[in-house]
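Residue-level listing of the chains:
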Amino acid sequence: MHPITTVHYLVLSAALLLIGTVGVLTRRNVVIILMSIELILNAVNINLIAFSHALQNINGQIFAIFVIVDAVAEAAVGLGILIALFRNKETVLADEIDLLKW
Amino acid sequence: MLIDTVLFYVFALLTLGGGVLTITRRNAVHSAISLIVSLLGVAGLYLLQHAEFLFAVQIVLYVGGIMVLFLFVIMLVNLDQMAKERQFNGQWAVALAAVLAVAAELAYFLYRGRDAFRIAEAPAAAAAQLGTVEQVADSLFSEYLLPFEIASVLLLVAVVGSVVMAKKRI
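The listed protein sequences derive, respectively, from chains A and B.
Position one of the first sequence corresponds to residue 1 (my numbering), numbered consecutively onward.
Position one of the second sequence corresponds to residue 1 (my numbering), numbered consecutively onward.
One should not assume that every hint holds.
[Said to hold, decoys possible] Covered stretches of chain A (in silico footprint by chain B; criterion: 3 or more residues with CB under 8 angstroms from a CB of chain B, positions within the stretch not fixed):
hint: 1; stretch: 4–16
hint: 2; stretch: 43–55
[What the hints assert, rightly or not] If you only want the chain B side, here are some residues facing chain A, beta carbon under 8 angstroms, derived:
hint: 3; residue: Phe-8
hint: 4; residue: Arg-86
hint: 5; residue: Ser-162
The hints are simulated quantities; they were obtained by calculation from the structure and are not laboratory data.
Please read all numbers here as calculations on a predicted model, not as lab measurements.
Cβ atoms here follow ideal geometry from the backbone N, Cα and C, with glycine treated the same way.
Can you make the complete structure from the sequences, with help from the hints?
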């Protein structure tokens, strides 16, 4: 069995990024779109940690912490917007929210 | 070494399997639970890379914080009739084609660059040192003090913003 190298982590991270992108682009439910964004941010974090470990440099972990902070802020505001949207339009389907599209 | 390899594949399977289930489930609660599995797999990968602090943050903050927030919202917006609707939008074929193109590019990039990423294995003693809470804190509170403060302001803005968004009348 081969030992695990940085490339393994990069392939895993790329796969997770693609799964998240498919979720963002194809799902109709806004809650699941927000969850897919969390998947994408986690893929970025795996990348950062893999290089942090390979290069023995702590900066990757610091950046991962900031990415997590961003993810928290995004989730909080996104879900707040979602609640406001549901109160006004009675829907959480992304393609029914088309006020700006005529 | 062998146990590391096995653990990597277990956690990778949890991460990717959870991710695929997250974007394919009809019921949003099932999606959220699959996402929890995926996030736990990522936490395990952090542990394999000696990022113990991030492992703790991932579990406490993501699994304990963000996912509870998601579940609250799912309960609030009553998704029962949404589960009966069509789950994928009209442009799913175009989206899949675009994602496949990006996948091909990434695969080519990783295949061509696979030797460039083969960085010499660090000595085990240094590897054990990196990523302790002490080192993370040292860096975070000295070199990255200003970004740290800006991040706290960002969180404050997010708190105020979400309250304003979710409140009926300000």
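Comparing the hints with the structure gives:
With a threshold of 8 angstroms between beta carbons, the proposed coverage of the stretch 4–16 of chain A by chain B holds, since 12 of its residues qualify and at least three are required. Here the stretch 43–55 of chain A counts 8 residues with a CB under 8 angstroms from a CB of chain B, which clears the bar of 3, and the coverage holds. A hinted interface residue such as Phe-8(B) counts as satisfied when its beta carbon comes closer than 8 angstroms to some beta carbon of chain A; here the least separation is about 5 angstroms, so the hint holds. Interface hint at Arg-86(B): satisfied, since its Cβ lies 7 angstroms from the closest Cβ of chain A, which is below the 8 angstroms cut-off.
Satisfaction of the interface hint for Ser-162(B) is found here, the shortest Cβ-Cβ separation to chain A being roughly 3 angstroms, below the 8 angstroms cut-off.
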